[in-house]
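Residue numbers (my numbering), protein chains in the order written: chain A, 1 to 278; chain B, 1 to 293.
FYI, nobody ran anything at the bench for these hints, they're computed from the structure. Among the hints, erroneous ones may be present.
[To be verified] Taking CB as the label site, the calculated pair distances span: (1) B:S21 - A:N139: 44 to 50 Å; (2) A:N37 - B:K107: 20 to 26 Å; (3) A:E215 - B:D166: 41 to 47 Å; (4) B:T282 - A:D81: 34 to 40 Å; (5) A:L173 - B:Q139: 41 to 47 Å; (6) B:Q139 - A:D81: 52 to 58 Å; (7) B:G174 - A:R44: 24 to 30 Å; (8) B:V102 - A:A42: 35 to 41 Å; (9) B:N233 - A:V104: 55 to 61 Å; (10) B:V136 - A:E194: 55 to 61 Å; (11) A:G66 - B:V119: 54 to 60 Å; (12) A:D206 - B:P172: 19 to 25 Å.
[As the list claims (entries may be wrong)] So, partial list: chain A residues that the calculated Cβ filter (under 10 Å) puts toward chain B: (13) Y40; (14) Q118; (15) K144.
By construction, the Cβ of each residue, glycine as well, lies at the ideal position given by its N, Cα and C atoms.
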Amino acid sequence: MSVATPSVRSLSGLVARPGTASTAVSAPVKIDVDRMNFYYGAKRALDGISIQIRANLVTAFIGPSGCGKSTFLRSLNRMNDIIPGTRVEGTVLIDGQDIYTPGVDVVELRRRVGMVFQKSNPFPKSIFENVAYGLRINNMARSKAELNDRVEESLRQAAIFDEVKDRLHESALALSGGQQQRLCIARALAIRPEILLMDEPASALDPIATQRIEELIYDLKKTYTIVIVTHNMQQAARVSDHTAFFWLGRLVEYDRTDRIFTAPAEKLTEDYVTGRCG
Amino acid sequence: MHTRRLEWIIERALFVCAALSVLTTAGIILVLAVETFEFLREVPVAEFLTGTEWTPLFATPRFGVLPLVAGTLLVSAIAMVVALPMGLLSAIYLSEYAPDGVRRIVKPVLEVLAGVPTVVYGYFALMFVTPLLQRVFPQMSGFNALSPGIVMGIMILPLVSSLSEDAMRAVPRGLREGAYALGATRMQTALQIVVPAAFSGITAAFILAVSRAVGETMIVAIAAGQQPRLTANPFVPLETMTAYIVQVSLGDTPQGTLEYRTIFAVGMLLFLMTFGLNLVSTWLRERFREVYS
C-alpha cells in the first residue's frame with residue numbers, strides 16, 4: 001500500500017479555493033501546523049504534518065489505531081511533554097505563536113487549550129471540587145460567589161447540571177461513565193479555554209451517553225474551537241465540519257467532512273471510510 | 001499407582017509445611033494468652049492497664065504498664081516525626097520527579113537501609129547520634145528517647161517511602177494528565193491530586209511503619225535505657241515495652257514467678273497493638289486497591 005504525501009490538493013481545498021466560500025473556508029485559522037515531525041525516542045511517530053485548523057469549527061481526526069492521530073492531538077497542548085524521550089520538529093502555531101519555542105509557558109498554554117480524555121478521569125474529589133480545581137489553581141475566581149457561579153455555569157454548559165445539582169458535594173466517582181465524561185468536559189470548560197481537544201471522548205460510553213456528548217459538541221463549537229479524535233466514522237461525519245485522515249503517521253487528506261465521506265481525493269481515504277482497509 | 005502415591009505424599013508434606021507455620025503462630029498466641037491469664041489472676045487488669053508505676057523487680061512490686069507504653073509511644077512518635085515527612089517527600093520525588101535512571105538507582109539504595117541489622121542502628125544511636133545531640137542539648141543524658149527515636153525513624157524510612165511510592169505510582173496516569181491539562185504544575189499535581197488519590201495507600205504505609213517502630217527492640221534496648229518512667233521528656237532515660245522484655249529475658253528471673261509472667265503480659269499487649277495496626281493497614285490497602293484496579 002503506497003502512502004500518499006501530505007495532501008496538497010486537499011489542503012488547497014480548504015485554504016486556497018476561493019470559489020467555495022462556505023463558513024468553513026472563511027473561518028480564521030486557529031492552529032497552524034507546518035511540517036511537524038514527532039518522535040518517541042528514535043521512532044518517528046508523525047511525519048511531516050501540515051494542517052490549518054479553523055476557529056469555531058469541529059475538526060475530526062480519523063484513522064486506524066496507531067496512526068498518530070492521538071499523538072498529534074496531544075502535541076497541540078504539549079501533553080506529550082510528560083512522556084520521557086519525546087521530541088518535536090517543525091512548527092505548531094496557535095494564534096500565530098509557536099508553542100514549542102523555548103520560554104513558552106506550558107501551564108498557560110494548557111489553560112488555553114483544554115483537553116478531554118478517552119477514559120473519563122475525574123479526580124477523587126467531590127463533583128464541585130472537580131470543576132472548581134482548575135479555577136482554584138489558576139486563581140480564576142476572586143470570590144466564593146464567583147467560584148460557585150463559574151462551577152454552575154460550566155456544569156450547565158456540559159449539560160450535566162440538572163443531574164448533579166442536588167449532590168454537588170458528593171464524590172465524582174459515584175457518577176455513571178457518561179456523567180463522569182460530561183463532568184470532565186465541564187472541568188475543562190470551567191477555565192474557559194479557547195480550544196478544546198477531545199481524545200475519543202465517547203469511545204467508552206453507551207449510545208445514549210454518546211449522543212448527549214455529540215449534541216454537546218455541537219453546542220460548544222459556538223464558543224470553542226474543537227478538535228476531536230474518533231474511531232467512529234459515523235461520529236466524525238455527524239459532529240465535524242472538517243475531517244483529517246491519518247495513516248501511518250502521515251496526514252493523508254484534510255478536507256470538509258462531507259467531501260471526505262462522499263468524494264475523497266485519495267484512494268486510501270476512500271478505502272478507509274468505506275471500510276475496505278484499516 | 002506408584003506416582004499417585006508419591007503425589008499423595010508430596011501433597012501431605014506440603015500441607016504439613018503450611019500447617020506448621022500456622023500452628024507455630026497459634027502456639028505463640030496460646031502461650032502468650034495462658035501466661036497473661038496467669039499473670040492477670042494475681043494482678044488486676046485495671047491495675048495493669050492504668051497503673052503509673054512499673055517496678056516488678058523491686059521488693060514492693062508495682063505493675064502499672066503505662067510507663068512502658070508511654071516510653072514505646074514516645075520513641076515511636078519521634079521516629080514517625082522523622083520518617084513521615086522524609087518518607088513522603090522522597091516518595092513524591094521518586095514517583096513524580098525522578099527520571100527512570102535515578103529511580104532505578106535510588107530506590108534499591110534506600111531499601112538497603114532496611115537491610116542494616118538493627119543492632120548496628122542501636123550502637124549507631126548510642127555511640128554516634130547521642131554524643132552529637134549532647135553538643136546541642138547539653139542537659140541530655142546518655143540514654144534517652146530522642147536519639148533512638150531519630151535512628152529508628154531512619155530505619156523505617158525506606159518502608160514509608162517505598163510503600164508510599166508504590167501507592168502513588170498506582171494512581172492512574174489519566175488523573176495526572178487531567179490535572180496537567182487544566183494547567184496544573186508538577187508540584188500541584190503531585191500534592192493536590194496524586195497524594196490525595198493515594199491517601200489510603202500512604203496511610204497504610206505509615207501505619208505499618210508505626211507498627212514496626214512499636215515492635216522494634218534492639219535500638220531502644222541499647223540506646224534508650226532501662227528506667228520505666230512516665231514522661232514526655234525526650235532527654236531522659238526511659239524504657240519501652242520491648243526493652244523491658246529484653247531486660248527480664250536476659251536476667252535470672254526464675255520461670256513460673258510473677259516477675260517472669262510480666263514479660264508475657266507486656267508481650268501480649270505489644271502483640272495486640274501491632275496486630276491492630278497491621279489490621280488497619282491491610283484494610284486500608286485493600287480499600288485502596290478496590291478504587292484503582
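Going down the list of hints, with the structure as the test:
no.: 1; hint: B:S21 - A:N139: 44 to 50 Å; verdict: 58 Å, violated
no.: 2; hint: A:N37 - B:K107: 20 to 26 Å; verdict: 35 Å, violated
no.: 3; hint: A:E215 - B:D166: 41 to 47 Å; verdict: 42 Å, holds
no.: 4; hint: B:T282 - A:D81: 34 to 40 Å; verdict: 38 Å, holds
no.: 5; hint: A:L173 - B:Q139: 41 to 47 Å; verdict: 53 Å, violated
no.: 6; hint: B:Q139 - A:D81: 52 to 58 Å; verdict: 54 Å, holds
no.: 7; hint: B:G174 - A:R44: 24 to 30 Å; verdict: 26 Å, holds
no.: 8; hint: B:V102 - A:A42: 35 to 41 Å; verdict: 22 Å, violated
no.: 9; hint: B:N233 - A:V104: 55 to 61 Å; verdict: 56 Å, holds
no.: 10; hint: B:V136 - A:E194: 55 to 61 Å; verdict: 57 Å, holds
no.: 11; hint: A:G66 - B:V119: 54 to 60 Å; verdict: 57 Å, holds
no.: 12; hint: A:D206 - B:P172: 19 to 25 Å; verdict: 22 Å, holds
no.: 13; hint: Y40; verdict: 14 Å, violated
no.: 14; hint: Q118; verdict: 9 Å, holds
no.: 15; hint: K144; verdict: 19 Å, violated
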